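K.L.:
Could you build the full structure based on these sequences and the hints that come with them?
Protein sequences appear in the order of chains A and B.
Our numbering numbers the first residue of the first sequence as 1 and each following residue consecutively.
Our numbering numbers the first residue of the second sequence as 1 and each following residue consecutively.
If you are wondering where the hints come from, they were derived from the structure by calculation, not from laboratory data.
In this text, all values refer to a predicted model and were calculated from it rather than measured experimentally.
C-beta atoms are modelled at their ideal positions from N, C-alpha and C, and glycine is treated no differently.
Mixed in with the good hints there might be a few duds.
[What the hints assert, rightly or not] Restraint-style ranges between C-beta atoms, simulated for each label pair:
(1) Arg153(A) to Leu10(B): 50 to 56 Å
(2) Trp36(B) to Ile134(A): 22 to 28 Å
(3) Gln50(A) to Val25(B): 19 to 25 Å
(4) Asp47(A) to Leu10(B): 16 to 22 Å
(5) Ala79(A) to Glu56(B): 37 to 43 Å
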Amino acid sequence: MAIHWFKYASPASFYGLAGRLAPWFAAAAAVATLVGLYIGLVLAPTDFQQGDSYRIIYIHVPAAWIGMFTYLVMAGWAAAGVVFNTRLSGMMVQALAPTGAMFTFVALWTGAFWGRPTWGAYWVWDARLTSTLILFFLYIGYIALRASIDDPRRADRAGAVLTLVGVVNIPIIYFSVKWWNTLHQGASVKPGSSSMATVMLAGMLVMAFAAWMYTIAVSLVRVRAIIVEREQHSAWVGELLDARAPDDAPGTSGGVAGSKGEKAR
Amino acid sequence: MNWSSFSDFLAMGGYAFFVWMSYGVTALLVVAEVAWVVRQRRQSLARARIQRNIREWSSP
Numbered sequence: 001m002a003i004h005w006f007k008y009a010s011p012a013s014f015y016g017l018a019g020r021l022a023p024w025f026a027a028a029a030a031v032a033t034l035v036g037l038y039i040g041l042v043l044a045p046t047d048f049q050q051g052d053s054y055r056i057i058y059i060h061v062p063a064a065w066i067g068m069f070t071y072l073v074m075a076g077w078a079a080a081g082v083v084f085n086t087r088l089s090g091m092m093v094q095a096l097a098p099t100g101a102m103f104t105f106v107a108l109w110t111g112a113f114w115g116r117p118t119w120g121a122y123w124v125w126d127a128r129l130t131s132t133l134i135l136f137f138l139y140i141g142y143i144a145l146r147a148s149i150d151d152p153r154r155a156d157r158a159g160a161v162l163t164l165v166g167v168v169n170i171p172i173i174y175f176s177v178k179w180w181n182t183l184h185q186g187a188s189v190k191p192g193s194s195s196m197a198t199v200m201l202a203g204m205l206v207m208a209f210a211a212w213m214y215t216i217a218v219s220l221v222r223v224r225a226i227i228v229e230r231e232q233h234s235a236w237v238g239e240l241l242d243a244r245a246p247d248d249a250p251g252t253s254g255g256v257a258g259s260k261g262e263k264a265r
Numbered sequence: 001m002n003w004s005s006f007s008d009f010l011a012m013g014g015y016a017f018f019v020w021m022s023y024g025v026t027a028l029l030v031v032a033e034v035a036w037v038v039r040q041r042r043q044s045l046a047r048a049r050i051q052r053n054i055r056e057w058s059s060p
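P.N.:
Right under this line is the structure:
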């Protein structure tokens, strides 16, 4: 049992691991997006009730799932940060928030453009929609709170508390269509059963997988930037800068972050 | 294959505006986020280098 679980809790070692993993997750996201879009937009038949407006489902549902799931992951890191007081935890929470906010916004936006043709309104103050809007505000609140505190370790603490308090909203979103009489439809996909045609379900699941891989890839690259920023006075970042050619200045050419220059390390 | 022609695909059975507003804005946000995160990464290294140069030059 010689697994050093806390080895990667150190930002210095996680930096390298994240750099090695990010390109794989990015590639998985790209492939899954192409496959998912092909299934959803080309192969899948037109819905007999909603026509082709239903095709918004291929981004709406994955975005909503990942928006909620990312918040749970953030809360997990926040809890780990409070319990173990590790620096990496706060950095991970910080790295995940923008992508979670982005997907929650996408869920709201695509929901509006789906609601208009199906319900006749872009927005209604329905329990599902309102609780998802609150989730979006929680993400924005976290980002704003961080931005308002200069000391990163204090920002970690405050952000963790906010994240953990807000996690109560996730079951509210999830069960809102059950607890209240909502305009939003109930879950089409439940563990063990689904009320969708197989090809439609497949497209949606592939797109959800793509969104998940994308979130991991983007947050790994982002956490690397955060680590360098917050550890820039440490010896290992100095060695990292020595090992790299001095071409990191903004405006110079470069490929996808993480792929360039890593071999030199 | 669900479509008979490319214009048929673009028309989305009359729901083109709603479908393409959803897909378009999502694509835009994803591209913007990727560009932002790549820039963030490059800037973090550039800033660290500047900070280090300042430290080295200002030390006796």
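K.L.:
Could you run down the list of hints and mark each one as holding or not?
P.N.:
A quick look at each hint next to the structure:
no. : hint                              : result
1   : Arg153(A) to Leu10(B): 50 to 56 Å : holds, 52 Å
2   : Trp36(B) to Ile134(A): 22 to 28 Å : holds, 25 Å
3   : Gln50(A) to Val25(B): 19 to 25 Å  : holds, 20 Å
4   : Asp47(A) to Leu10(B): 16 to 22 Å  : holds, 18 Å
5   : Ala79(A) to Glu56(B): 37 to 43 Å  : holds, 40 Å
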